[in-house]
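Q: Chains A and B supply the protein sequences, listed in that same order. To get our numbering, take the position in the first sequence, counting from 1, and add 76. To convert, note that position 82 of the second sequence is 71 in our numbering; the numbers rise steadily by one, no gaps.
Be aware that one or more of the hints could be misleading.
[As the list claims (entries may be wrong)] Covered by chain B, according to a simulated footprint, are these stretches of chain A (three or more residues, beta-carbon under 8 Å):
1) 121 to 131
2) 302 to 308
[Claimed, not checked] What follows is a set of in silico ranges between Cβ atoms, one per label pair, in the way DEER data are often shown:
3) S172/A - T(-1)/B: 40 to 48 Å
4) R156/A - H174/B: 57 to 65 Å
5) L104/A - E191/B: 27 to 35 Å
6) R335/A - T(-5)/B: 53 to 61 Å
7) G9/B - G208/A: 52 to 60 Å
8) I(-8)/B - G208/A: 55 to 63 Å
9) N176/B - G190/A: 38 to 46 Å
10) M11/B - G313/A: 43 to 51 Å
11) I206/A - Q52/B: 58 to 66 Å
12) E191/B - E161/A: 49 to 57 Å
13) T120/B - N224/A: 28 to 36 Å
Worth flagging that the hints you see were computed from the coordinates, not collected in a lab. For each residue, glycine too, the CB sits at the ideal point set by N, CA and C.
Each chain, letter by letter, is given below.
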Amino acid sequence: MTELVQHLLELIRKTSTDLPHDVEQGLLKAREKEENGSTAEHILGQILENVRLARASSIPICQDTGTLNFFVRHPAAVSRRELSETIREAIRLATSRNYLRPNAVDSVTGLNSGNNLGGAHFPSIHFEEIQGDTLQFDLLLKGGGCENVGRQYALPDTRIGAGRDLDGVRKAALDAVMQAQGRGCAPGFLGIAIGGDRAVSYQAAKEVFLLDMDGHHPDPQIAALETRITTEANQLGIGPMGLGGHSTILRTRIVALHRLPASYFVTIAYMCWAYRKGSLRVSGGKAEYC
Amino acid sequence: MPISLTLPFTSSDVNALQLGDMVSISGDLLTGRDQAHKWLYEQICRGSDHRDKEDAHVLDAIQPILQDGLIYHCGPIVSGHETGNYRFISAGPTTSMRQEPYQSAIMRHFKMKGVIGKGGMGEKTLNACKTLPAVYFHAVGGAAALAARAVIEVLNVYKLEFGLPEALWHIRVVDFPAIVTIDAHGNSLHDEIQTRSKSVLESLL
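Generate the whole structure from the sequences, applying the supplied hints.
A: Below you can see the structure in the form of structure tokens.
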């Protein structure tokens, strides 16, 4: 497990200090769409310079290294308890090396644990048993600014005229983007879950960010809705950091779950432009990062 | 070219600033976020006769930094905790709106000239900016490596018991980049964008 600690430490470092290639490309394209000399272009220029500086100097892109969301797929023979302990050790080390900000605050006393560890729910670790002998770790770092602007709607919602259908989902998503303004650190990404109960819907919306954001839902009408929400969100003119411009949302992905007859939840998770996602595969003693 | 501003500011410095102005700030300032604002507000409400000795000492120490100065809404990553030889590693702005209940009272108490944060603030802060005068400066959220590069020295730290991100850090910055989004004349770029986006949303619903 000591070797695995080192691999996980490297996964955390990479995830905190670099952006996935497609996210950086999306930001470059967004800058091209903004007018020359505009505030939006200026902000996207600073964002891109910051990404390059963080990568070159191995510095966290954003000081809010967020909640650590680990998704672990493991063979049957591997102990979840040991994996959990190993992840925790890697987090402790990563915090001491300043790849992570100490972020775990006791809700009652206000005390910061200093090492990003706090009880059974901090960090958040999800396990799934798979066949074969490969261990796979997916990591999402999600900051508090974008987490705070996430929203859940119970349809029908008369305030926004949203019924229990895909057009109601569209209306909820656009309302959430309007309410968020620049506070989620736009330009952002939307992960939307339709259905589920309240808790499952929130979790599924967040897990959308593990998907390839350039892809689309296999159901063509949901795929069309993903594109339409992105297009219409950008018509709101909120722009980078909410200071105006064409780029508010870079991509939208939707997941549809089963629901109770009585419930029709639409949950919108917002990911800031600093969309920090990393993967590690360990097989036959070899580690591969992507 | 951005407008160069050096702390402490004068009233004419901030009165001259307009929405959308790019600025480059140099000088000494204080970071503070959620626990710091709540604590400062409570100290102000309590009054000088009812503070405990240690808190009174901190308030006296930060008074000269804040008068004609700025609070930066920031919870940094800081190295050197073991040695006390602190350095800012990554230090972008945090969402300012959470300080809205406290900010205006703090600004008035310390006779501040503004705040740096992200996402804008509400009516109470806007009114404080108008009467003091003061300005809200917007830094680019997430651009934290870049922001930390502008922090050349950590001069002191107060209320470390709030934890590293929430302590009040006395820092020296050079050419810290920001944009004016609430001016000293009652204008808010955030209000303008929100109003416009709201009317577009109504047409899309």
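Q: For each hint, tell me whether it holds in the structure or not.
A: Cross-check of the supplied hints:
no., hint, verdict
1, 121 to 131, "holds (count 6)"
2, 302 to 308, "violated (count 1)"
3, S172/A - T(-1)/B: 40 to 48 Å, "holds, 43 Å"
4, R156/A - H174/B: 57 to 65 Å, "holds, 59 Å"
5, L104/A - E191/B: 27 to 35 Å, "holds, 33 Å"
6, R335/A - T(-5)/B: 53 to 61 Å, "holds, 58 Å"
7, G9/B - G208/A: 52 to 60 Å, "holds, 56 Å"
8, I(-8)/B - G208/A: 55 to 63 Å, "holds, 60 Å"
9, N176/B - G190/A: 38 to 46 Å, "holds, 42 Å"
10, M11/B - G313/A: 43 to 51 Å, "violated, 20 Å"
11, I206/A - Q52/B: 58 to 66 Å, "holds, 60 Å"
12, E191/B - E161/A: 49 to 57 Å, "holds, 53 Å"
13, T120/B - N224/A: 28 to 36 Å, "holds, 29 Å"
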